[in-house]
Structures are given as C-alpha cells and as structure tokens.
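Just need the whole structure built from these sequences, with the hints factored in.
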Amino acid sequence: METARVLQEKALQANEEQFLTFRLDGQEYGIAILKVQEIKGWDKMTPIPNSPPYVKGVLNLRGVIVPVFDLRLRFGLPETVRDAFTVIIVVNIGGRMAGIVVDAVSDVINVSPEQQCAAPEYEGQQNREFIKGLAQVDDKLLILLDIDRMVNPETLEQSEAVASVAAAL
Amino acid sequence: MAIDMRQFHQTFFEESFEGLTVMEAELLRLERTASANGHDTVSADPEILNTIFRSAHSIKGGSSTFGFSDVAAFAHVLESRLDALRDGRSLPDRRVVGLLLLAVDCLRSLIIAAKTGKQSDQGAIEAVRLQFEKLGSESAALPVTGKTSTQPRASATTHWRILFRPNPKMFHTGNDPLRIFRELSGLGKMKTTVDISGLPSWEQLNPEECYLSWNSELVGSVAREAIADVFSWVLDDCRLEIISNTMPVPTLSQRSVAEAVASIDAHTDTLRVSVPKVDALINTVGELVITQTMLSQLTANFTFDNLSKLFAGLEQLERNTRELQESVMRIRMLPLSFAFNRLPRLVHDMSQKLDKKVDLIISGEQTEIDKTVIDRLIDPLLHLVRNSLDHGIEPPAERIAAGKPQTGTIELKAYQKSGNVIIEIRDDGRGLRHDRIFDKAVEQGLIPADAKLSPDEIYELIFLPGFSTAVTVSDISGRGVGMDVVRSNIHSLGGNVEITSQAGQGTCFIVRLPLTLAILDGLSLQVGTHTYILPLVSIVESVRIVPDQVSRPAGGVELYGLRKEYLPLLRLSDLFHVMPRSTDLTQGLLVIVEADGKKAGLYVDDLLGQQQVVIKSLETHYRKVDGISAATILGDGTVAMILDVTGLIRMAHAGATRLTPASHGRIQDTGRHTGNMTPTIN
Amino acid sequence: MATILTVDDTASMRQMISFTLHSVGHEVIQASDGQEALKVIEGKKVDLVIADINMPNMDGITLLKSLRALADYKFTPILMLTTESQDAKRQQGKVAGATGWIVKPFNPEQLLNVVKKVLG
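Chains as they are written, first to last, in the numbering used here: chain A, 184 to 352; chain B, 574 to 1255; chain C, 8 to 127.
Bear in mind the hints are in silico, worked out from the structure with no lab data behind them. Being a predicted model, the structure only gives us computed values, none of them experimental. Do not take every clue at face value.
Calculated cross-link-like contacts (lysine-lysine; reagent style BS3-like; alpha-carbon spacing at most 30 angstroms) [unchecked claim]: (1) 764/B <-> 72/C; (2) 96/C <-> 51/C; (3) 81/C <-> 742/B; (4) 882/B <-> 223/A; (5) 227/A <-> 990/B; (6) 46/C <-> 762/B; (7) 124/C <-> 882/B; (8) 72/C <-> 101/C; (9) 762/B <-> 123/C; (10) 123/C <-> 101/C; (11) 1197/B <-> 315/A; (12) 850/B <-> 218/A; (13) 51/C <-> 742/B; (14) 926/B <-> 1013/B; (15) 742/B <-> 52/C; (16) 850/B <-> 46/C; (17) 96/C <-> 742/B; (18) 1013/B <-> 977/B; (19) 764/B <-> 124/C; (20) 72/C <-> 850/B; (21) 227/A <-> 882/B; (22) 96/C <-> 46/C; (23) 72/C <-> 742/B; (24) 742/B <-> 124/C.
Given below as structure tokens:
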C-alpha cells in the first residue's frame, strides 16, 4: 500500500478521490476517506432501547457517545460472529459521528472520475439510496457508498426491510 | 521583614463583593417584611441586622488592614449606622433601608475603584454620606487608631518604679506575669523583687491562682505609655502603679479620607471550588500517575507477548484522562444563583421607579452550569426581566381593573432536562399583543402591511434589531435594541430563547442552554444484564412487590395498588424489550417514581447504588430515544442509559393496547423491534 | 515553633494572618467561625488562639467561653481581634476570659510583635 501521503498527492494531481475500502460478505465497498475519522477494534456496546436491529448500540469513544451500525444487518445480510478482531470504522459527517461494523478493512485507494460510473437501476432495490456509484479498480467491482445516508438517524425508520445490494447487482 | 499584602487583595475583593451581595439581599428582605406589615417601620429580625452588620464590619476591617482607606472610611459610616440599628438605638424604617441600599452601591463602586484604580463618582458618594450624617450621631471621620500603632519617644532616661499585683484569677485569662516581665525587661534595665506575702498555706494553695506580686525598677528611655502598654491586657485584673516623671502624651494623627472612585462592572476571574471536587481531582490525578508508571515499566523492557497488557494500559490511560477532563470541567460548574443574584435588586429598584408592585420568585437556582455560561448569561437575563417589568407587568390600577391581584409576579425557574438547562422567565402581566407587534413591525418597515404571519412568526418579529413596541422609549429598557442582542448572546452560548404568551395573562421567555457538561445524582439499577440510571429527584421510595396488588384492567396498563393509590406498573423489560432476570415480580423491587405530577412504579431486578454521573448527550450523534433522557459513561468505561420517567409513563400507556410477549417470556435480547402487533386481550 | 489557631470569617484576614505567622515558622490552623474552630482543634495541641469577635454560627465571645471551659484551654492565651470602637466587646471579652486583644487594622509586623509577646 502506498503511503497515504503519496496517495494524497497523487490524488490531488489527478483529481482523484480517495476511498477507504472494506469488505462485507465478499464484496468490496468504499467510503470517502475524508469522512473517516478512525478505525477501532470491537468494544463493549450498550444497546439502545427499541432501536432497529442493525443499530448495535452506542459505545464510548473517548467520552463521546457514538452509535454503531452493523452494516451487514443494514443490508439484510446474515449476521456473523463479532469478536476481538472485528473492526469498527468511525465516520465523522459534519461533526456527527457514527461507527460502522464491517467484516474487514482493506485499503485506501484512489479512484479517478473515469473509473466511476453510476449504479444501474433495479426494481425492488430498497437501499439504492445508499449507493453513490460503482467503480472498477484493478478488475474488481467497488461499490461506493453514501455513508451520510446510511448512518443518518433521521432516516432509520425508512429502511427496516432491506434487500441485499450485492445480490441485486 | 515586609510581607507584601497585595497577595491577599484578590481574596479581599471577592469576599467583599460577596458580602455586599449578602447585605443587599438581606436589606431587601428587611424591606419586604416592612411592606408585609403594611407600615413604614420595619420590625427587624435581629439575625438579619447582625448579618448585615457583620458584612459591613468585615469589609471595614479588611479594607483598613489592606490599606483601602476610602473603602474603610465609607464602610465605617455604614457600619456605625448598622451598629445603632442592631443595638436598637435607632429604628429601621423604609427610608433608612433605602439609604442603606444606596450605601451598598456606593461601597461597591468604591471597592471596584480600589480594585481597578479608576475613579468613582465622588459626588454621589458624598451625597449619600451626608444623608447618613443627617440621620445620626456618627461622624464621618475615622476614629483614632489603637495604641499598638505608635511608640512615642522619650527624651531622657527615666527611672520607673512599677508595682504589679495581679488578681488571683489572672491565669484564667491565659495571661502569665512571666511574659509581662519578659516584655518589660526589653524596654530597659530591670530589677524585680517578688512579694510572697500573699501565699497561703500548702493545703489552701490553689495552683491555678496567683498569689504573688512584684516590685520592679526599670531604667531607660522609656515612656510611661510603653510601660502601660505592656500591662494593657491585664489592667483590669491587677493593681498597677507606675511612678516617676510624667511624659507628655503624644497625639496620634487622625486618618483623613480621600475620595476618588468610579463605577465599572467587575467580573471575578477566580473560582471557589468545593473541597470534594478538588479531592476527586486529586484522586484522578493519582490514578493517572499510577497508570503512567505502569506504562513506562511495561515499555521499558517491552516484548510482544506484553502487547495485550499494553493495550489494557492504554485503555486505562484513556479512562483516566477522560475522568480527569470531567473532573476539571466539573470544577467550572457554578450554581445559577450567581447569575440570578442581581435580579432581586433590579426588580426592587425598577418597580419603585415605575410605580408598580412586583414580586420576584426564584426557584432552581442551585442548578449548576459552566462558569463561562453564567458570566454571559447575566446580561440577557437582566434584559429579559427588565422587559417584563417595563412592558409586561401592568401598573396596579390596570391590574385591578383586569381582575388581577395588585402585585404582579415574575417567576424565574431553572431546571435541567435531558442535558439542557432551561430557564423560564414568566410574568403574569399583559402578555404579548399580536396586533400591536404586527402594527409596529409594519410601521418600522420590517414587514409589508399585507403579510400573513402565524403567532410564532409574529413573536419572532420581536427579535429583529431595532424593534420596540414601547409607546415611549424608556431609558430603562433602552431603545428596543435589547431582544436581538439577548438572542444573539444566548445563541453564542449554544442555546436559544423562545416566547410563549397569552394576551392579558402573561408572557414566558424560555431560555434553553445546551450543556457541555451536566451532572446528575442518580441511582443505578439493573434489569437483566442491563444497567440504567434513574435520576434521584424522580424517586419517591422503593418497595417490595405484593403480588395480589398487581392488576390489569381490560385493555389498560398494568397497575399496582400502593396505599389506596393505583400506579402504572412499568416493566423496563417490556418497554425496552430486554430480558429480565425473572418475570416473578416478587424477586425484584418496585421503585416508585414521580415526574410532571404523575406517579408510577418502576419494576427493576436490583438497585445497585447511588452515584453522581456526567450527562452525555445521546442526541448529538444519534437521536432522541423514547424513555431515555440521555446517557452516561460508567466507571468501567461502558455506556449506561439515563431513564426519562415521563417518557416511560407515556410509553406504558401507548403500549397498553399492544400486548407484548414480554410477560410470556418470548423476548429476544437483541433490542429487536417487535413491530406492530394486533392487540389481544389477556 | 508554636501551633496557632486563627478564627475569622473573612478569608483574606485568615490568609494574611496565616501567611504572616507561617513566615516565622509557626504552624497555623484556620477556622471560619467558632463552631468550626472547636471542631478543628480536636486532637491537636494549640498554643495560642487569635479570634475575631463578629462571626456567624458562633461568635468570638462564645468561642472564648467554650474554650475556657475545656481543661486543655483554661490557661491558653486567647487573643481577640477587635476594632477601635468596640470597648464594650473588649470588656465582654475580658470577663469571658480573653488574654488580650489585637486592634484592627494591624499590619503583619504588629501581629508578629503581639504573638512574640505572648509566646516568647
């Protein structure tokens, strides 16, 4: 992996965007690196009463109460074992923080506008709103997520029953 | 060796300002009892007079000790009058009380001048002083200072003979002739012979009594005064004769007083901190040191199998740092009373000026908030109360005509609610008139004449710069520049201000301030494996459940009968869909809680203990959750939810139509929504 | 050196007195009123008491009487802080058993002189 700084410089030159990529059920996803605050390990969480199943609870991030979303459950994928090796990505969207639980964090990569394309429309796909687009990087399909929408507490109600993104694609 | 007194000045200024606040509050109390009696003379509670006297006395003592002669001189005038009042030599009437209040103002400006070095209003202060002179027998000049200050010189060597016969009980005042002689011998060459003729027989001898007397000869350039001084404490307890040539008595200069002070506002930039808070801080730092030691030991000879220990140590470090941060922030918290203390005086003065009768009722002033917030809250509050006084409360005649009591009420209420501090300023005056506001806004060109505005939007107009519905712009509330500044001040504190009003009935300003930190006294309780915090203020009592008192009327909420009352029985296991330890009600406890006038019984598995917790917002990064007011971080670093009793009661009623599976033991402990259920009747 | 108890309801006075006495090596115990003073001397041996007269909760004269009633303080030097005009109080103090008085205002040097006079 090229150092972040080198990547940053390259990205700035080529009008590329940087993404943090992670894996979920075998599929690679990316979120804008600027929104990522830190990556932390699994931590004891306190459940929030009467919250959707994919809201695993809140945890204490150096004195701040941050909600944690399980992306698998958010996408309607089967839950897996969460243990000490599970990783939580802490995102910061305009001051609002949230944690997302993924299978594994992959890499930080640059994606140029040319590599990106819009997501195709499919019927019955309820969580299309989370997808900003697709990208082709090194022969792999990368799904770029609109993380703002995914962790916005206001929109929680709307996505009770979600179909799998990867399956739809 | 000179000790620099300046290091004590800061404390003196602070305690003096506090003393003035106390004086003012007590004087206002004194005046209120006068109006309650209905006649002019105030029948004064001696304790009140004593308190006021003591404050003035302390200020006088301190200011003269630390060299603030102007303050001392004025304080002396004030103190003399207060002394006469508390001794009953003079009677406190409203005029005197009013004058005393003015004197407090003068004293305050004198102290401010002493502190800042700027001038005070000499004319005004002199005027007040003259009034005092007219009142009484005291002169304004500071009396002669005591004997300990000067030592007059003798011009020649004198030969003194001193006869000293102490009373038998001399020792009982802690005096010791030996000390006296030691001091005497320092004045010159001394020779003493003791006279034991007063000694009784052994059996009659009381070792605690003095039976001896002495004859001394003292030679030196010593003044009589100096010798008498040595005996000054025991003069009444002995027979003393000092014989020789007499010396002229020197005159001691009278202090004269200069005036030069001006009035500027004074904020304190120090904090008074309660000892427990400092102890907590010290403990936390202690733990931090331990953690640091542990970490350095660990990293000194680090090997990779110690990695998990390193992580544990870092976690501990994080915990310690967080606790330290919270401890320090807690130190900056002060009760709101500091922001409220100028208001009684304001109401008192203004209501007199405007010829209105107003009562100011303050509650919740012990609610704590960060010091910087308090400092910046004082002005907006002053303005809002001024507003109520000026525009809200009607003159007595108008009130009576409206069927209201002659005396208007301004109520100031402060309380904490889900991580916010709310301050309500409510008056029972005219209320806001939509039409007048609308018309004025049109008149000032702020809105077009045909604009259609909702009541709330009309209230918003008040906050526009330059807006004022005062018929005459009074010098009291200013030119209507107030409300927009008030709002921007409150906004800058991260809060907001809202208005509710009813024409003819009154207006209420609600100031909402978000807290960076708030502390709650809570009781931690357990339901299943989950810990929750219940605010202590909402707890009435806790009881063991008597099973046959539980009932469930058809389609309604489960109820518990307690001493002729029926309270909704709230099961957190149902409301939050978590697994209880047991559904057998006799195993747990019922905590009787109260909120917003409603009572309920909260069923819990265990009560863990009382603790003070720091309120952390859940809404900052998530959103409002029913039944939860906020969250907190426990000592072990995990998050716990703080219960909202009102919300829980509401949830219970809402859920009464839905029968949840909780009571039938089919719950999953994943916080899963049970979704909509068709209502069935048990 | 000696252990001195200073009782005064104004912090600035207590500070000034403490500081002054400390500077010559005395140990100083502070209290802000008579009640606190009685509590704070428990288990300690005090060589000299300097107390103000006007204090809340328990004034100087009452403290004086209470101290004199204790066996350990029957003969301990107790000095009252008074102002020039308080002759009556001074008399009261004497009757109650005060050793002497210190007139306010006083400067640190005066204080030290008085203390020296009493303690040696």
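message: Need the list of violated hint numbers for this structure, in ascending order.
response: 1, 6, 7, 12 and 20
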